[in-house]
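Trainee: Sequence:
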Amino acid sequence: MNDQNRNGIPDEIEQPEEEFEWTERKRLLFFGLPFTFTTYTLSPKKLELKTGFFTTVINDILLYRVMDTTLSRNLLQKLFGLGSVQVVSSDKTHPNLCIHNIRNAKDFKEALDEQVERERLRMRFRTGEYIDNDGIGMDMDMPE
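The opening residue of the sequence shown carries number 0 in numbering that gives the first Met the number 0; numbering runs sequentially from there.
Source of the hints: derived by calculation from the structure; they are not laboratory data. All clues given are correct.
Taking CB as the label site, the calculated pair distances span:
1. L78 to F53: 31 to 39 Å
2. R125 to P43: 13 to 21 Å
3. C97 to T55: 16 to 24 Å
4. T69 to T38: 16 to 24 Å
5. L120 to L27: 34 to 42 Å
16 Å max Cα-Cα, derived EDC-like pairs, lysine to aspartate or glutamate:
6. K91 to E47
7. K25 to E47
8. K45 to E23
9. K44 to D59
10. K108 to E47
11. K45 to D112
12. K44 to E116
13. K49 to D59
All C-beta atoms in this analysis are idealised placements derived from N, C-alpha and C, irrespective of residue type, glycine included.
Please build the complete structure, drawing on both the sequences and the hints.
Mentor: Below you can see the structure in the form of structure tokens.
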């Protein structure tokens, strides 16, 4: 049987896992306590940043716009089981989002990378580089 749809994309890539959702809360570095009002939610199509207590602000980064992720852990973060994930994207509001002091940072980063790849395949986007007039290379998203 053919496991591809009419667009030539495998069925498991075409249909995102709607039930997938991962939420992490920003924590205080000291003892890793979750006394902040910032949450990060990873879903099949977007990374949601929710901040605030009295005034709540929700900002989304579409996953196909993510260009790079980096995991970092300093000594205190290692002691308390925390880590930070840096997300570089072509999003206008948060081009360099740092997800500070979350538990399971390595697993979160791996899940983010996997969901980004799925969404890029589904949307048929790829990241490229071009050289502008002043010779500085810039990353950009380009549809295929």
